[in-house]
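Colleague: Here's the letter readout for the chains.
Number of protein chains: 2
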Amino acid sequence: MPVNLKLPVAAELRPIAGVDIGVAEAGIRKASRRDILVLRLAEGASVAGVFTANRFCAAPVTVCREHLAAGEGIRAIVVNTGNANAGTGATGLANARATCEAVAARLGIGARQVLPFSTGVIMEQLPMDRLIPGVVAAASAGPATWLDAAQAIMTTDTQPKAASRMVELGGHPVTLTGISKGAGMIRPNMATMLGFIATDAKVSQHVLDAMVRRAADASFNAITVDGDTSTNDSFVVAASGRAAGPPVTGLHTPEGRALSQAITSLAIELAQAIVRDGEGATKFITISVEGGRDEAECRKAAYAIGHSPLVKTAFFASDPNLGRILCAVGYGGIDDLDQSRIDMYLDDVLVVQAGGRHPGYREEDGQRVMKRSEICVRVLLGRGTAKATIWTCDLSHDYVSINADYRS
Amino acid sequence: MPVNLKLPVAAELRPIAGVDIGVAEAGIRKASRRDILVLRLAEGASVAGVFTANRFCAAPVTVCREHLAAGEGIRAIVVNTGNANAGTGATGLANARATCEAVAARLGIGARQVLPFSTGVIMEQLPMDRLIPGVVAAASAGPATWLDAAQAIMTTDTQPKAASRMVELGGHPVTLTGISKGAGMIRPNMATMLGFIATDAKVSQHVLDAMVRRAADASFNAITVDGDTSTNDSFVVAASGRAAGPPVTGLHTPEGRALSQAITSLAIELAQAIVRDGEGATKFITISVEGGRDEAECRKAAYAIGHSPLVKTAFFASDPNLGRILCAVGYGGIDDLDQSRIDMYLDDVLVVQAGGRHPGYREEDGQRVMKRSEICVRVLLGRGTAKATIWTCDLSHDYVSINADYRS
Numbered sequence: 001m002p003v004n005l006k007l008p009v010a011a012e013l014r015p016i017a018g019v020d021i022g023v024a025e026a027g028i029r030k031a032s033r034r035d036i037l038v039l040r041l042a043e044g045a046s047v048a049g050v051f052t053a054n055r056f057c058a059a060p061v062t063v064c065r066e067h068l069a070a071g072e073g074i075r076a077i078v079v080n081t082g083n084a085n086a087g088t089g090a091t092g093l094a095n096a097r098a099t100c101e102a103v104a105a106r107l108g109i110g111a112r113q114v115l116p117f118s119t120g121v122i123m124e125q126l127p128m129d130r131l132i133p134g135v136v137a138a139a140s141a142g143p144a145t146w147l148d149a150a151q152a153i154m155t156t157d158t159q160p161k162a163a164s165r166m167v168e169l170g171g172h173p174v175t176l177t178g179i180s181k182g183a184g185m186i187r188p189n190m191a192t193m194l195g196f197i198a199t200d201a202k203v204s205q206h207v208l209d210a211m212v213r214r215a216a217d218a219s220f221n222a223i224t225v226d227g228d229t230s231t232n233d234s235f236v237v238a239a240s241g242r243a244a245g246p247p248v249t250g251l252h253t254p255e256g257r258a259l260s261q262a263i264t265s266l267a268i269e270l271a272q273a274i275v276r277d278g279e280g281a282t283k284f285i286t287i288s289v290e291g292g293r294d295e296a297e298c299r300k301a302a303y304a305i306g307h308s309p310l311v312k313t314a315f316f317a318s319d320p321n322l323g324r325i326l327c328a329v330g331y332g333g334i335d336d337l338d339q340s341r342i343d344m345y346l347d348d349v350l351v352v353q354a355g356g357r358h359p360g361y362r363e364e365d366g367q368r369v370m371k372r373s374e375i376c377v378r379v380l381l382g383r384g385t386a387k388a389t390i391w392t393c394d395l396s397h398d399y400v401s402i403n404a405d406y407r408s
Numbered sequence: 001m002p003v004n005l006k007l008p009v010a011a012e013l014r015p016i017a018g019v020d021i022g023v024a025e026a027g028i029r030k031a032s033r034r035d036i037l038v039l040r041l042a043e044g045a046s047v048a049g050v051f052t053a054n055r056f057c058a059a060p061v062t063v064c065r066e067h068l069a070a071g072e073g074i075r076a077i078v079v080n081t082g083n084a085n086a087g088t089g090a091t092g093l094a095n096a097r098a099t100c101e102a103v104a105a106r107l108g109i110g111a112r113q114v115l116p117f118s119t120g121v122i123m124e125q126l127p128m129d130r131l132i133p134g135v136v137a138a139a140s141a142g143p144a145t146w147l148d149a150a151q152a153i154m155t156t157d158t159q160p161k162a163a164s165r166m167v168e169l170g171g172h173p174v175t176l177t178g179i180s181k182g183a184g185m186i187r188p189n190m191a192t193m194l195g196f197i198a199t200d201a202k203v204s205q206h207v208l209d210a211m212v213r214r215a216a217d218a219s220f221n222a223i224t225v226d227g228d229t230s231t232n233d234s235f236v237v238a239a240s241g242r243a244a245g246p247p248v249t250g251l252h253t254p255e256g257r258a259l260s261q262a263i264t265s266l267a268i269e270l271a272q273a274i275v276r277d278g279e280g281a282t283k284f285i286t287i288s289v290e291g292g293r294d295e296a297e298c299r300k301a302a303y304a305i306g307h308s309p310l311v312k313t314a315f316f317a318s319d320p321n322l323g324r325i326l327c328a329v330g331y332g333g334i335d336d337l338d339q340s341r342i343d344m345y346l347d348d349v350l351v352v353q354a355g356g357r358h359p360g361y362r363e364e365d366g367q368r369v370m371k372r373s374e375i376c377v378r379v380l381l382g383r384g385t386a387k388a389t390i391w392t393c394d395l396s397h398d399y400v401s402i403n404a405d406y407r408s
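First to last, the protein sequences are chains X and S. If you're matching positions, the first sequence starts at 1 in the working numbering and goes up one per residue. If you're matching positions, the second sequence starts at 1 in the working numbering and goes up one per residue.
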């Protein structure tokens with residue numbers, strides 16, 4: 001059961017002018033489910049993306065980087081679920097390229113104008129005999145809705161993830177709609193597998209690049225389910241330029257700030273949706289580490305808490321065994337940390353003061369907070385003014401079940 | 001159920017001349033169990049220890065460091081289970097000192113000649129009204145066996161951990177007996193909570209210091225259950241000097257090498273026992289990363305594999321979902337890793353060659369290995385000659401149950 005995650009409603013997801021959606025069934029892993037998505041982008045669209053820092057990156061990630069660098073203008077995005085095309089060597093790379101070629105041939109564009117994405121099981125080759133007819137069908141199909149698109153990229157997700165935003169830029173309305181997927185192998189390091197946002201905004205390439213990096217850092221790069229940085233993480237924003245008004249040419253103009261804020265806010269909602277639907281999640285946990293010397297050390301401490309299986313099982317049990325949080329802060333990589341300066345809150349309850357249990361802390365107050373489905377842990381390091389926030393979920397029996405059974 | 005871990009037999013654990021054992025019931029957390037251990041050391045014993053790198057180290061760890069640095073000669077070791085005295089601030093520190101004073105008063109030694117250790121729940125104060133009578137009783141009690149000692153320090157351990165070694169130094173027999181405890185919050189970084197080795201060897205202080213560091217690196221510092229570096233990790237070797245023959249005064253003499261080897265080998269057995277009895281463990285996994293540029297990068301990659309919840313749940317399920325291992329290597333922190341040079345074996349089965357699935361690899365061969373209770377993962381990085389080996393266990397439903405219920 002996802003944690004406080006609303007099922008998206010097709011009618012509330014706004015179409016984006018200049019972006020057409022096609023889905024198809026290729027039977028890659030399961031029969032009778034739509035497992036291929038093709039987004040067709042109008043000529044002149046700006047596309048920017050960030051990709052996994054995993055050195056064992058998947059073949060499609062390598063091809064995406066090449067095709068974005070080629071600068072020929074991206075006209076299509078093709079996604080398959082059921083198979084990640086990672087750990088597949090030279091054959092995997094050839095298969096990713098062949099996928100782009102098939103889509104390109106169908107749409108009458110160049111193969112380097114197609115970005116390929118894959119998600120699913122690692123270290124198996126794509127079933128090209130089924131995949132190619134599938135991507136050709138999806139390239140021709142449509143128009144489908146953004147809800148169809150979100151459904152076509154799910155793996156262990158229990159529900160599709162999608163949301164829309166409207167923003168006015170210089171008096172002209174601009175629309176953004178995004179989708180994401182992911183539930184396990186989630187500790188994005190650049191972005192997560194997979195987040196897509198489309199907008200009809202007109203925006204120049206270098207500005208969109210900067211907006212994507214900024215949005216990724218504040219959203220997908222701030223979530224973790226299990227600490228496993230995926231081979232396929234990708235976050236892409238496509239701007240079709242079909243909205244009225246002049247193009248956005250700077251990050252710091254009023255329009256640039258408004259568009260960047262809308263992209264970031266949508267990315268945060270999509271990233272949090274991944275955590276809310278994290279494998280086996282029963283709690284949504286916000287971890288905020290404040291009072292650090294720099295953001296990097298706050299993030300390190302926050303991730304140490306967010307990755308600790310002991311902390312995560314305590315949340316699952318609603319057990320205020322809060323020493324486990326201190327323990328994680330202690331090994332979180334801040335070498336000169338002074339434990340006697342640390343305070344910790346659980347929601348509004350002061351648990352730790354000056355490195356020890358606060359005299360006024362009562363177990364029943366901790367217990368009361370731990371029973372909530374959304375909990376905020378706030379750690380104050382007492383050594384500076386920097387802060388960082390990440391989002392994670394608990395570790396439950398269902399996480400073990402899901403990952404012990406994933407392939408069967 | 002621990003994985004292939006023999007229950008120690010009292011008669012096979014050799015007494016150490018110059019080391020007397022006393023245990024007692026203090027009712028710290030549970031009634032009717034012996035939860036206090038005091039080791040009394042003969043005058044002139046050499047004692048060396050390494051302690052957790054967790055910045056939120058427990059009060060007794062701070063006191064141990066002070067007392068070892070004082071150099072007044074350690075004459076007693078006192079351990080309680082049921083409460084870790086960590087995250088307890090100034091009161092916790094005062095309680096650790098008061099514990100040493102009580103033991104010292106009973107034995108007629110100085111308080112700085114006592115090393116205190118605690119294990120159990122974090123962020124609760126020690127119940128001093130029960131602890132003090134308990135440590136006084138244990139300081140007077142005895143003689144108990146090493147099996148009693150091992151039992152008195154258990155927490156979530158399902159069985160006591162103890163072993164002995166005999167070694168000849170210059171024709172004279174020397175005996176070593178060690179005990180350890182720990183099952184969760186195990187990713188030692190200096191040593192684990194708790195390992196003790198006693199020997200009757202005569203050995204000078206600086207040589208023993210070096211031997212302890214060497215043994216810790218090869219044993220306790222090479223295991224992980226859940227990646228949580230404890231607040232209380234401690235590994236201590238006490239050498240009573242009661243054996244016949246001249247003292248060991250160098251690491252590189254034949255006697256120095258023999259003693260160091262015996263300490264290391266015993267420490268490895270005790271460390272592996274912790275993994276075999278890891279919380280919820282059903283598999284004992286050896287992870288060997290070879291062909292790295294230096295040992296540090298091999299260890300990083302090995303720990304990335306050993307900490308991945310996805311890898312660990314695949315082992316639990318006996319599912320050869322081996323792409324998860326590649327994925328962990330990829331995010332393991334080697335920034336310039338070339339995936340196309342990587343090979344991987346599961347026991348004797350070649351799974352990955354040149355970064356992709358080996359053409360001869362058959363799922364049923366992987367399946368056959370995954371069903372074993374002891375499995376070796378060998379990753380060849382293809383970029384150097386360094387290597388590192390660590391030991392870990394799988395992640396099962398029982399891990400979640402144990403840690404969701406630990407305090408209740």
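Wrong hints could be hidden among the right ones.
Derived lysine to aspartate or glutamate pairs resembling EDC-like cross-links, with alpha carbons at most 16 Å apart [unchecked claim]: (1) K371(X) - D405(S); (2) K6(S) - D217(S); (3) K371(S) - D405(X); (4) K30(X) - E124(X); (5) K300(S) - D217(S); (6) K6(X) - D405(X).
For the record, the hints were derived by calculation from the structure and aren't laboratory data. Since the structure is predicted, the reported quantities are computational estimates derived from the model, not experimental observations.
Colleague: Please go over all the hints and tell whether each is borne out by the structure.
Modeller: Going through the hints against the structure:
{"no.": "1", "hint": "K371(X) - D405(S)", "verdict": "holds, 15 Å"}
{"no.": "2", "hint": "K6(S) - D217(S)", "verdict": "violated, 24 Å"}
{"no.": "3", "hint": "K371(S) - D405(X)", "verdict": "holds, 15 Å"}
{"no.": "4", "hint": "K30(X) - E124(X)", "verdict": "holds, 15 Å"}
{"no.": "5", "hint": "K300(S) - D217(S)", "verdict": "holds, 14 Å"}
{"no.": "6", "hint": "K6(X) - D405(X)", "verdict": "violated, 26 Å"}
This entry does not satisfy hints 2 and 6, going by the numbered hints stated previously.
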